[in-house]
Amino acid sequence: MTTTEVAERIEVDAPVPEQEAGGRSANLTANLIQLVRKPGFLLAALYVVFVLVSAFWPRLFTSRDPYGTDPKSAMLSPSIDHLFGTDVYGRDLWSRVLYGSPLTIKATLIALGIALVAGLTLGVVSGFFAGVTDAILMRVVDVLLAIPGLLLALAIVTALGYGTIPVAVAVGVGIVPGFARTTRAEVLRVRTLPYVEAARAGGASWGRVLVRHILPNSWGPVAVLAVLDAGVAIIAIASLSFLGFGAAPPAAEWGTLIADGRNYLVTSWWLSLMPGLFVALLVLSLNHISKTLQELSR
Amino acid sequence: MTRYVAGRIAQALVVLWAAYTLTFAILYLLPSDPMQLQLAAAGVQEDSLTPDQVAAMKAEFGLDQSIWTQYWHHLGGALHGDFGISLTQRVPVTEMIGERIGPTLVLSASAAIVALVAGSALAYLATFVRWSLLRILFSRLPAVGASFPQFFVALFLIQFFSFQLGWFPATGSEGASSLVMPVITISVLASSVLAQVLIKSFDETLRQPYITTARAKGLSRSAVHLRHAFRNAALPAMTILGVIVGVTVTSSIVVETVFTREGVGRLAQEAVLSQDVPVVLAVVTIAASVFVLVNLIVDLIYPLLDPRISHTRGKVRAPAPAPALEGGTL
Numbered sequence: 001m002t003t004t005e006v007a008e009r010i011e012v013d014a015p016v017p018e019q020e021a022g023g024r025s026a027n028l029t030a031n032l033i034q035l036v037r038k039p040g041f042l043l044a045a046l047y048v049v050f051v052l053v054s055a056f057w058p059r060l061f062t063s064r065d066p067y068g069t070d071p072k073s074a075m076l077s078p079s080i081d082h083l084f085g086t087d088v089y090g091r092d093l094w095s096r097v098l099y100g101s102p103l104t105i106k107a108t109l110i111a112l113g114i115a116l117v118a119g120l121t122l123g124v125v126s127g128f129f130a131g132v133t134d135a136i137l138m139r140v141v142d143v144l145l146a147i148p149g150l151l152l153a154l155a156i157v158t159a160l161g162y163g164t165i166p167v168a169v170a171v172g173v174g175i176v177p178g179f180a181r182t183t184r185a186e187v188l189r190v191r192t193l194p195y196v197e198a199a200r201a202g203g204a205s206w207g208r209v210l211v212r213h214i215l216p217n218s219w220g221p222v223a224v225l226a227v228l229d230a231g232v233a234i235i236a237i238a239s240l241s242f243l244g245f246g247a248a249p250p251a252a253e254w255g256t257l258i259a260d261g262r263n264y265l266v267t268s269w270w271l272s273l274m275p276g277l278f279v280a281l282l283v284l285s286l287n288h289i290s291k292t293l294q295e296l297s298r
Numbered sequence: 001m002t003r004y005v006a007g008r009i010a011q012a013l014v015v016l017w018a019a020y021t022l023t024f025a026i027l028y029l030l031p032s033d034p035m036q037l038q039l040a041a042a043g044v045q046e047d048s049l050t051p052d053q054v055a056a057m058k059a060e061f062g063l064d065q066s067i068w069t070q071y072w073h074h075l076g077g078a079l080h081g082d083f084g085i086s087l088t089q090r091v092p093v094t095e096m097i098g099e100r101i102g103p104t105l106v107l108s109a110s111a112a113i114v115a116l117v118a119g120s121a122l123a124y125l126a127t128f129v130r131w132s133l134l135r136i137l138f139s140r141l142p143a144v145g146a147s148f149p150q151f152f153v154a155l156f157l158i159q160f161f162s163f164q165l166g167w168f169p170a171t172g173s174e175g176a177s178s179l180v181m182p183v184i185t186i187s188v189l190a191s192s193v194l195a196q197v198l199i200k201s202f203d204e205t206l207r208q209p210y211i212t213t214a215r216a217k218g219l220s221r222s223a224v225h226l227r228h229a230f231r232n233a234a235l236p237a238m239t240i241l242g243v244i245v246g247v248t249v250t251s252s253i254v255v256e257t258v259f260t261r262e263g264v265g266r267l268a269q270e271a272v273l274s275q276d277v278p279v280v281l282a283v284v285t286i287a288a289s290v291f292v293l294v295n296l297i298v299d300l301i302y303p304l305l306d307p308r309i310s311h312t313r314g315k316v317r318a319p320a321p322a323p324a325l326e327g328g329t330l
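From first to last, the protein sequence lines stand for chains A and B. Using full-length UniProt numbering, the first residue of the first sequence is number 1, and each one after it goes up by one. Using full-length UniProt numbering, the first residue of the second sequence is number 1, and each one after it goes up by one.
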């Protein structure tokens, strides 16, 4: 029997993984029960779920056509018939907001995806290899952090052009440094823990240790940050499309809707403020969820 | 100490140079051709111009040279405060920014001061008040403030204070009254960011033994809170001063656009809309310089304020990084 085989045997014999899995799911149930008992968290989670569901199946919540104009019912203030009122062409604002959701949500997911992939990679490589690699990568992150996020996003939008995708990419790049730092800190913390040493002593390769032991134990704070940054990304994407860099009309991202309503603010406040409130509540919910999760993990 | 200061300044310069280079690379190396962008923005088809005309225009802006020549040319210019010529206005970028930077500085500085006061007051109250309902309200408020998109806050203020009450002008940059709502808009976000960090720092500080000692010696709660807790809690929060300034600077883009104010923020928005690459590069560089400079100053005066941190002996101990601020704002 070669040494590696011995090592593998030891690893296989060790009953740790199964127990760990059982412990984790039990832990998860306990956590879930604890979460459901918090009314604020429940409300926030319900709202986020509502926004997601209404983005994919807007017909469940509105029967009106977001592009259907009706001059007779133009500029109506919010009522039971038109929850968010109607715009200058008589289009129902509520359904325009709901039909606009997929664009913003898609952009948010792309931005988060970029941030997660790039940030996790940077953070893991940096924290895991330490030394010179770490020093170089962290200086790169410092440089990214030296450019205020929204301005970096503006530069990227200038270079890539307008539209949902460029805006999403720009925002995603802006979030990368935060992810990289958090991941690195977690990896640095976890890699010195006794069980990592034990796994190494048991003969597991660094790659295996990274995938089986370090990553599963360091993703908690990263996940919390991801929820928080989803809110940040939504605000940034809405701001950029508000400034006029988003998707071209008649497609209506949330930020574009709010910007359009700005011209009628004197007479029809709902055109800007209702979609704005819709967005603000979503970001607030995400912040609250992130905060609750953070408190829970402590 | 001198070595630390020199090292820290050198580091700041390197970061700034790298930030400039990165922005330059984004703007000049990505597939887009600045000339085409500019022509497209002006509504001109490149085909409609003769090759001579295109070549002449490219030569005018130095776009016919290799990317390296352009880079060294721009970098050299930037070091002397010359950011080239605007592609759309055809006037020196430095001149354009010089005309507009005054209002933005006033706006950002006032907003930063208001945010410092409001954020500190909020954090103070949130940790001092005993009535749990108020306590929860105060400590949740920053999260609410950070959740509202700035353009929403701005539009709400305009609707309420200009159109309903008629107190302040909705747009423009004339006089002090036009400054009120933009400053409120920016400081809502900036003070929320500050308060979140300060509250955390307060909670941490109030658990320290010296607080118990001070109370045990017979000092009143308010005296302990102000003299012992606040001063110690404010120290770590100082490290996010750079972030606060960063927030006020970037906020000027959205806020100046909403309130139609003259300023560098709106210049940036217009430059991106017209894809005026030199202007964008200049604005990003200036904002990054401000940000790096504030962080440098904070780092340099931190050891003076907190004698526990010394740079004279052995290894430099950097100030504890601000907690929970890796996310939260962009």
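One or more hints might be untrue.
To be verified - Simulated restraints on C-beta separations:
#, chain 1, residue 1, chain 2, residue 2, range
1, B, E99, A, R59, 17 to 25 Å
2, B, A10, A, F129, 44 to 52 Å
3, B, G218, A, A201, 53 to 61 Å
4, A, R59, B, T69, 53 to 61 Å
5, B, P51, A, Y89, 39 to 47 Å
If you're looking for bench data, these hints aren't it; they were derived computationally from the structure. Note that CB positions come from ideal geometry on N, CA and C, so glycine has one too.
How the hints compare with the structure:
1. B:E99 - A:R59: 17 to 25 Å: Violated, since E99 of chain B and R59 of chain A (Cβ atoms, about 52 Å apart) do not stay within the stated range.
2. B:A10 - A:F129: 44 to 52 Å: 26 Å, violated
3. B:G218 - A:A201: 53 to 61 Å: Given range 53 to 61 Å: holds, Cβ gap about 56 Å.
4. A:R59 - B:T69: 53 to 61 Å: 58 Å, holds
5. B:P51 - A:Y89: 39 to 47 Å: Holds, at about 45 Å.
When held up to the earlier numbered hints, the structure conflicts with 1 and 2 and fits the remainder.
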